[in-house]
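Undergrad: So you can see what is in the structure, the chains are spelled out below.
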Amino acid sequence: MFNSLSDRLQGTFDKLRGKGRLTEDDINVAMREIRMALLEADVNYRVVKGFVAACKEKCLTSEVMESLTPSQNVVRIVLDQLTQLLGSTESKLVLAQNRTPNVIMLVGLQGSGKTTAAAKLAYLLKRQGHSPLLAACDPHRPAAADQLATLAGEIGVGVWRGDVKDAVQVASGAIRQAVDHLNDIVIVDTAGRLQIDEEMMQEAVDIKAAVKPDQILMVVDAMAGQDVVNVVSTFAERVDFDGVIMSKLDGDARGGGALSVREVTGKPIKFVSMGEKPDSLEVFHPDRMAKRILGMGDVVGIIEQAQQVADQQQVEDAERMLREGFTMDDYLSQLQQIRKMGGLKKMIGMLPGGERMLQQAGGQMGDEQIVRIESIIRSMSKEERLKPKKINGQRRKRIAAGSGRSVQEVNQVLKQWGEMNKMMGKMRQMTGAAGMGSKKSMRQMRGMMRNMGMGGGVGGMDLSALQKMYGGKGGRKF
Amino acid sequence: MGLRDRLREGLTRSREAISEIFYMGGEVDEEFWEELEDRLVMGDMGAEVAMQVTDDLREQAAREGLRTSRQLKEALAQRIAGEFAHAERDPFRDLPSCVLFVGINGAGKTTTVGKLAGVARSEGRSCLVGGADTFRAAAIEQLQVWGERAGVEVVTRERGADPASVCYDVIERAEREGCDLVLIDTAGRLHTSPELMRELQKVVKVTRRRAGMPVSVVLVIDATTGQNGLAQAKEFNEALELDGLVVTKLDGTAKGGIAVAISHDLALPILRIGVGEGIDDLQSFDALEFSRALVGEGEGE
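Protein sequences appear in the order of chains A and B. Every letter in the first sequence is one number past the one before it in this note's numbering, and letter 323, counting from 1, is 323. Every letter in the second sequence is one number past the one before it in this note's numbering, and letter 60, counting from 1, is 1060.
Keep in mind that the hints were calculated from the coordinates and are not lab data. Here the structure is a predicted model, which is why all the values come from computation and not from measurement. Just so you know, even glycine gets a beta-carbon here, dropped at the ideal spot from N, CA and C. None of the hints are false.
Only some residues are given here: those of chain B computed to face chain A with a beta carbon under 7 Å:
(1) V1041
(2) M1042
(3) G1108
(4) A1138
(5) E1141
(6) Q1142
(7) T1224
(8) T1225
(9) N1228
(10) A1254
Using the sequences and the accompanying hints, generate a full structural model.
TA: Here is the structure:
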């Protein structure tokens, strides 16, 4: 819904085309746009003020890179500044070596996602070879302990819920339980509390005093508004947390709160939480976050998202495709992958300049096209899907009637398939028999194939080309 | 404590913040306007709305010769109040009625349903609660605890069941037993997930088709939400044709300014606001009162 910063600045600077230098006035105009972009991203007002002032200073004094246009130069400076402020990657949990069990405590407002984050963290630690125990220390919200117990059951981690109504006692009980059952890490999930609720804040302090956590993590909702500053500064003052988990980043919130938190408390963002599944706790990348805050798309994010969707099955599929050729069923499954990733629109929207592209295309670039192709493929028989070359005029007519589309559209789908199949043939020659065995080459191939599927298939979007264009120096070019 | 006092108390922090600038010497100069705009932005009103409001107020002040802080406060309250859409009908009082609660994860849907059921029960209305959040772990149990507290029965199915079927069940049961008010809790979902939004569309469709009584779909939104709140509301509205909003967690220091933007942009009335933990802290919404409390009218002269 918001234009990205780069698009906005582009508009401002279009008027200045041909100018080799920017005057202070020009920069003031640009800073105004940056201010608005940051405010729209929910960066705190005071933080914005300081940040914009610092950026302006830099713009006026820094070296101008000649290869970039004025607007690109400004954005580069802003982006660098923002990335720097967001801090380095510190997604490590600092745990005392000589202590068993280590204790991690989670705090935050109601509904920020603590319980979910606790389960995700437990899953992450379990995969790293630890044996975590989840402690359900929320006696206030009805069924909070049940929720944690269910999630713990799903990921195969132990849970301690105690039978008392006192959170402090439950927490201490969990430590004893961990000692008895050889769990090396206890994750303490606490109740959600408002920072102005004195009683509840005291409870958090008491839990902290009782279990002496190695790490206290505060869970902050990516959608949080201006008020997040008051929230985190109070929490920092009272319970003094060590780092932040940003939750609900799978939505389209810009997450400007991350910058506010960092600025106000100086605490690092350790993890970002991207969805409902237990494995969706990810490392925090300041550069990506900076781009997200400025509305510049997240190329790397898409690629990772695509990787996430791919699973073992697809590796096998890739192998089979190389052996036996590309079938209509493969085409279908690729289309479904696009849908899984949130549809074409979302993916394009995540690319730099994508929002602009969507606007230009109007309603043309809808996901309806995917649905149409799907319906056509689904109207083919099993045999036809395996050997699309068999599809003659009569069959085409039947498929068109079956899917409710025109024969021309069926032809188009067949043509697209033909192109993909041709590419697959080339690849087969390229890789030869030697590459077939190793897993690494398989993975590369899988990536290539996925890109092809999208590129050849829908709306003429070639993701691999885009990837090349933007990859590596995504921040500089847009 | 009267309703108004509670509301005021809930909004104290934000009121203080805005009031503060009216104290300063009473001088209305450039700095005053800038400060005012800043304050509105800090209340999550959004930079654009804040600018517009300030500019309008400025013009009005010049036109009508408003000079004192009292006059300006009242004018500002009126201006903000004018941004809200009005409710034609209160789906929690005008019975029979069926209300579906939707929203993102952690907005406070289940708690809101629990509280509203308690209020309905204490006011002597027959009420039935449907637990259509069959996805989140222990959501059903959470609702059942609320049901027990309120003395209201909860109709639900096991975790993982089709949420639309729960709606079907609860409405059938309500009609059979002559129940006037049906409240249905749904699973939280992000507006950016097309699959989950489609599922919700189906739930709403089934409910609308099945129910003999008027069905309202209400978006529950957290007052601490920033500018993304508008995107959420737009997506939900597009998919489900919302009938109103419930704004929760206004008792922190959050100002809930995003509610102004949502109500204005989508012409959605705010039906209830949550200003505290207690069951009675879910109150009817009065635009002018809300705006006055926000601005701090009538104090500090």
